[in-house]
Amino acid sequence: MKFGVVVFPGSNCDRDMQDALSQDLCKEVIMLWHKDKDLSMFSTDDCIILPGGFSYGDYLRCGAIARFSPMMQSVIEFANKGGKVLGVCNGFQILCESGLLPGVLLQNANRQFICKNVFITNQAGEALKIPIAHGEGRYHADKATLDELEANGQVIFRYCDDKGAILEEANPNGAIRGIAGICNQQRNVFGMMPHPERATSHSLSNLDGKRVFEILGLN
Amino acid sequence: MMKRILLSLLLVANTLLVFSQGENPVSWSYEAKKKSADTYDIILTANVDHSWHIYSQKTGKGGPVPTSVTFKSNPLIVKSGAVKEIGKLEKVFDKNFNTDVLFFSDKVQFVQTVKVKGKAKTNMSGTIEYMVCDDSRCLPPVKKSFDLKLQ
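Here the protein sequences come in this chain order: A and B. If you're matching positions, the first sequence starts at 1 in the numbering used here and goes up one per residue. If you're matching positions, the second sequence starts at 1001 in the numbering used here and goes up one per residue.
One should not assume that every hint holds.
No farther apart than 20 Å at their CA atoms in a straight line, the calculated lysine-lysine pairs in the PhoX-like style are these [what the hints assert, rightly or not]:
hint : chain 1 : residue 1 : chain 2 : residue 2
1    : B       : Lys-1079  : A       : Lys-143
2    : B       : Lys-1084  : B       : Lys-1058
3    : B       : Lys-1117  : B       : Lys-1033
4    : A       : Lys-163   : B       : Lys-1121
5    : B       : Lys-1033  : A       : Lys-143
Just so you know, these hints were derived from the structure itself, not from any lab. For clarity, every value in this text was computed on a predicted model and none was experimentally measured.
Turn these sequences into a full structure, and let the hints guide you.
See below:
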C-alpha cells in the first residue's frame, strides 16, 4: 500500500505523517500539493491522507476552504471510486466539510485548545494512548445520523479511560457519544481527531499509533 | 511484668484485627439484565446476614447513612428514572438514633433502568455506598465498586 499526504497552506502535521509512514511503518509516501490535481500514481488499494494543521488558516470554519482546493476535488473522486482516505484532526474536519463523512467538528466544550495524550477505544475494547491537539474537535451530528453510524458500526474510536471504559470524564472535548473517529458506510474513508502519527516510534515511547493504522487496515 | 503487658497488648491487637476483618454482613452481586434492544436494568443485589439491616435511600436525616448509588457518567447511556428499591421495606423508630429509620433485612435489590444510545457496546460502572446496623451497633459506611458490560 502506497500513501499520499496532501499539503495545504497551514498544514503542520504533514511531515510528522510522512515520517511516521516512511520511517516507522516502512511505507512509500508521496507528498501532494494542494494546487495539484494528479492522483494517477495511486490505485484504490492506496491511501490518501489529509494531515492535521490549520489549512488556509482555518478561517471560516475549519476545513471549509480546503474542501474547495483542486487536490480535494481529486481526493473526493478517488474516495468515491473506493480509494482509501484518512483524515486526521484538521483532515477529519476537511472530510466532514467535503461531505465524505457525516457530521461536523465543533469548538471544544471547554472553549480551549487541548494538547495532551488521551485514550481511545475501538469496538474490541482496546485502550490506545494517542495524543490530541485541537480547538475544534467536538464531534457532532443529529440523532438519526448518530444512530445510523452506530447501527452500521461506523464509529471506529471513542474516548475512554486507560482501561477502555467509555466515560464522560475521559472525553476531552465533549464529543457527542464520546466519538473520536468514524468511517463512511463503504469503510474506505476514515476521520479521527487524535494523531496516530505522533505515536508510532520507540523514541516517543508510544507505539499505539501503529495499532491505529492496523485497525484501519492501513498497514 | 513487662512480658504480661506485651502479651495483653498482643491479644487486644489480635482481637481487634480479627473483629475488623470478620465483619462483612452484606454480600453483593451485580447484573445488567437486557430488557429490550437498547434497555437494561442494572441490578445491584444485597444479601444481608441475619439480624443486620441495610438502609433505604430514603431513610431520613439524623439516622444512619442511607444507601446511595453513584453511576459514572457515560456519554452512551441515558438513565430512565431513579434507582428503585425491591425488597421488604420496614419503618421503625430507632432509639439509638432517636428517629424513624427505613431499612431492609435479608435481601434488597437496587435497580436502575438505562438506555444505550444506538447499538453501541459499552459498560456501566459506579459505586454503591451503604452502612449496616444490627440492634445494638453499626458498622462504618462502605463503598463498593461495580462495572457491568451492556451488550
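Hint check:
With a C-alpha separation of about 17 Å, the suggested pair Lys-1079 (chain B) and Lys-143 (chain A) falls inside the 20 Å cut-off, and the hint holds. Our distance criterion of 20 Å between C-alpha atoms is met by Lys-1084 (chain B) and Lys-1058 (chain B), whose separation comes to about 11 Å. Our distance criterion of 20 Å between C-alpha atoms is met by Lys-1117 (chain B) and Lys-1033 (chain B), whose separation comes to about 16 Å. Of the supplied pair hints, the one linking Lys-163 (chain A) and Lys-1121 (chain B) holds, its CA atoms being roughly 15 Å apart against a limit of 20 Å.
Restraint check for Lys-1033 (chain B) and Lys-143 (chain A): the C-alpha separation of about 25 Å exceeds 20 Å, so the hint is violated.
In summary, the one numbered hint that this structure violates is 5.
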